[in-house]
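Using the sequences provided together with the hints, build the complete structure.
Protein chains in written order, with the UniProt record's numbering: chain C, 1 to 288; chain A, 1 to 337.
If you're looking for bench data, these hints aren't it; they were derived computationally from the structure.
For clarity, every value in this text was computed on a predicted model and none was experimentally measured.
Do not take every clue at face value.
[Said to hold, decoys possible] Simulated DEER-style distance windows between Cβ atoms:
| hint | chain 1 | residue 1 | chain 2 | residue 2 | range |
| --- | --- | --- | --- | --- | --- |
| 1 | A | W43 | C | E183 | 18 to 28 Å |
| 2 | C | G76 | A | V315 | 41 to 51 Å |
| 3 | C | P233 | A | Q92 | 36 to 46 Å |
| 4 | A | T59 | C | L37 | 41 to 51 Å |
| 5 | C | N231 | A | P243 | 45 to 55 Å |
| 6 | C | V67 | A | T83 | 58 to 68 Å |
| 7 | A | A165 | C | L145 | 45 to 55 Å |
Note that beta-carbon positions come from the ideal geometry of N, C-alpha and C, so glycine has one too.
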Amino acid sequence: MTSAPMTTRRRPRLDSVAGGGSLAAYLVAFALVGVCLAPAVYIVLGGFRTNSQIIQSPAGLPDPWEVGNYLSVLTGSLFWQELVNSLVAAVGTTLGVVVLGLMTSYVIARYPFRAKHAMYSLFAAGLMFPITVAITPLYILVRDLGLTNTLAGIIVPQIAFALPTTVIILVPFLRAIPRELEEAAFIDGASRLGFFTRMVVPLSLPGVITVGILAFVASWNSYLLPLFLLNDPDLYTLPLGVQAFASQYSVDTARVLAFVSLSMIPALIFFSAFERRIVGGLTGAVKG
Amino acid sequence: MSTPEHVNLDVPAGRTATGDGARQAPSPAPGTNRRRPLPWRRWLEILLLAGPGTAVFVTFVILPVLMAGYYGFFRWSGYGPPTEFVGLRNYQLILTDTAFLEALWHNGFILVMSLVLQGPVAIAIALLLNRRMRGRSLIRVLIFVPYVLSEVIVAIGFSLMLHSAGAVNDVLDRAGLGGLRQDWLADPDVAIWSLMLILVWKYIGFAVILMLAGLQGVPDELREAAAIDGASYWKTQWYITLPLLGPTIRIWAFLSIIGSLQVFDLVYVIWGQYVADTAGTSTMATYMVANGRISGAYGYGSAVAVVIFLISLVVALVYQRYLLRRDTEGALTGGAA
Numbered sequence: 001m002t003s004a005p006m007t008t009r010r011r012p013r014l015d016s017v018a019g020g021g022s023l024a025a026y027l028v029a030f031a032l033v034g035v036c037l038a039p040a041v042y043i044v045l046g047g048f049r050t051n052s053q054i055i056q057s058p059a060g061l062p063d064p065w066e067v068g069n070y071l072s073v074l075t076g077s078l079f080w081q082e083l084v085n086s087l088v089a090a091v092g093t094t095l096g097v098v099v100l101g102l103m104t105s106y107v108i109a110r111y112p113f114r115a116k117h118a119m120y121s122l123f124a125a126g127l128m129f130p131i132t133v134a135i136t137p138l139y140i141l142v143r144d145l146g147l148t149n150t151l152a153g154i155i156v157p158q159i160a161f162a163l164p165t166t167v168i169i170l171v172p173f174l175r176a177i178p179r180e181l182e183e184a185a186f187i188d189g190a191s192r193l194g195f196f197t198r199m200v201v202p203l204s205l206p207g208v209i210t211v212g213i214l215a216f217v218a219s220w221n222s223y224l225l226p227l228f229l230l231n232d233p234d235l236y237t238l239p240l241g242v243q244a245f246a247s248q249y250s251v252d253t254a255r256v257l258a259f260v261s262l263s264m265i266p267a268l269i270f271f272s273a274f275e276r277r278i279v280g281g282l283t284g285a286v287k288g
Numbered sequence: 001m002s003t004p005e006h007v008n009l010d011v012p013a014g015r016t017a018t019g020d021g022a023r024q025a026p027s028p029a030p031g032t033n034r035r036r037p038l039p040w041r042r043w044l045e046i047l048l049l050a051g052p053g054t055a056v057f058v059t060f061v062i063l064p065v066l067m068a069g070y071y072g073f074f075r076w077s078g079y080g081p082p083t084e085f086v087g088l089r090n091y092q093l094i095l096t097d098t099a100f101l102e103a104l105w106h107n108g109f110i111l112v113m114s115l116v117l118q119g120p121v122a123i124a125i126a127l128l129l130n131r132r133m134r135g136r137s138l139i140r141v142l143i144f145v146p147y148v149l150s151e152v153i154v155a156i157g158f159s160l161m162l163h164s165a166g167a168v169n170d171v172l173d174r175a176g177l178g179g180l181r182q183d184w185l186a187d188p189d190v191a192i193w194s195l196m197l198i199l200v201w202k203y204i205g206f207a208v209i210l211m212l213a214g215l216q217g218v219p220d221e222l223r224e225a226a227a228i229d230g231a232s233y234w235k236t237q238w239y240i241t242l243p244l245l246g247p248t249i250r251i252w253a254f255l256s257i258i259g260s261l262q263v264f265d266l267v268y269v270i271w272g273q274y275v276a277d278t279a280g281t282s283t284m285a286t287y288m289v290a291n292g293r294i295s296g297a298y299g300y301g302s303a304v305a306v307v308i309f310l311i312s313l314v315v316a317l318v319y320q321r322y323l324l325r326r327d328t329e330g331a332l333t334g335g336a337a
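Dropping the structure here:
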């Protein structure tokens, strides 16, 4: 955890030593991409078929192409409402994680006080507590706080469970800010808060973006927590809503496929926009 | 006018704990525990900055785990305070329930198979892809698609493809392999393999990307030197690249092991809360949900959570102690130093 994750690594130039086998590399890449995409393609194409097409030929192509399934999902309010719920939960979680995580990491990284090692260890130990283990008491806790059936009731626990990774990733960033910078800022008359907002926040931005994305994706895909805490269908997030839709319309396979493929789109857009950051974040998170 | 923090700035002894300030302080040596008492203003800042995050974390992560430990000693329906103390009875029931032992066995199967099926394949693919090739970044994005989709979406997509009249059996028929038709989700001998297939599909991209990232950290010079010394491509990979990829492999395996012990969403969405038992795909987590909250036995469910936690903890600690120690250098123990 000592080296700052900002280090850029030289891209490997392997051609010089790669030898033959580049055709094999393309074949493997092609096969791998095919295997990874086939189920997603099946879902998207399935949405363009009718139920009778699906029954007669489960693996066939749409013939003719049927857009009614997609239109009925898009013109209904259910999908949009669940999309908004997911967005509110994910944005709320991300903001909370970034703000609370940055403040806490700043203290751990740059304030000398006796309990800071214990504090860091406490957060690091949190990495070992999966939400699965805590879910039953978490439900009781959230219920006793009167937060069941509110989006806040899933946002706050999600923030809490994202904080360990956040602290682990951000502390090295904050520690890497040179002390001279801090001293110069104070000599120039900056307040502590001014230094925090004008120097600390910009300098730790790469780390902040990474933890923000990780928190967003985790919230977007989370299922167990909303499953336990949200009973009101009006508050369902997409994973919950997709499952409810699939069991409610289980005979209408084509419409389920259309609903499922539309709910894949936001995650895919978000992911392709931030692909590098996510990959960097994952490797940064595990390698420190 | 001098505010307390300005005063404090001139006191290097108070800053030794942050490491890089230590060189400005002639004495005491770094690592010494002697620190000056902090002015109240600093404590206030620490409290205001770190207080909210720590409070949220302790309340919603640490406290529930402790609560699970407490509730696990009671027979309790979740309403009112738990009063019917049963000691270790819940744990006795769990460990003698064949349904739990079967679920535990499934988690073990998933754990071993994830390592055996995914690891070597992911490493081989990463080695092959770790070269300059056209569309390299596009390939990386595309093989990451399954990892990005939520488990619920994956579960619904696969359950539609794998049921007995679904697309997979149809494809087998068309390929003239009708003899391989299976009842992929309902046949208890096959279902656990279907689950494995879906898990591998979902997480292999993550493994490949992780290995590729690890490969970027392997210096070219070593491979070039080996090539100059006449080593073949595969020999270079085997003797140079693979050992240097060790830390990445060990960390991937760690994540995979912990993930294998927590499998829930896929099973719960595809097989539901009870069918998983008969389909032979139940896991400790689905057992916990089916026998805890849903049947209103919160004490029992909490005890199951504790068992899952203890198993994960022991596995994690043993793994850390014997395999990860070199790589993380105490990330979980006092890494703040």
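Query - 41 to 51 Å as the expected CB spacing between A:V315 and C:G76, which holds or is violated - result: holds, 46 Å
Query - Assessment of proposed distance window 45 to 55 Å (beta carbons of A:A165, C:L145) - result: holds, 47 Å
Requested in this report: Kindly confirm whether 36 to 46 Å is satisfied by the beta carbon distance between C:P233 and A:Q92.
Outcome: holds, 40 Å
Report task. Indicate whether the distance between the beta carbons of C:N231 and A:P243 respects the range 45 to 55 Å. Result -> holds, 53 Å
Query raised in the report: So the hint says 41 to 51 Å: do the beta-carbon atoms of A:T59 and C:L37 match that?
Result: Holds, at about 42 Å.
Query raised in the report: Is the gap between the beta carbons of A:W43 and C:E183 within 18 to 28 Å?
Result: Taking Cβ atoms as reference, A:W43 and C:E183 lie about 21 Å apart, which means the hint holds.
Report task. Take a look at whether the Cβ-Cβ distance between C:V67 and A:T83 falls inside 58 to 68 Å. Result -> holds, 60 Å
Hint check: no violations occur; every hint is consistent with the structure.
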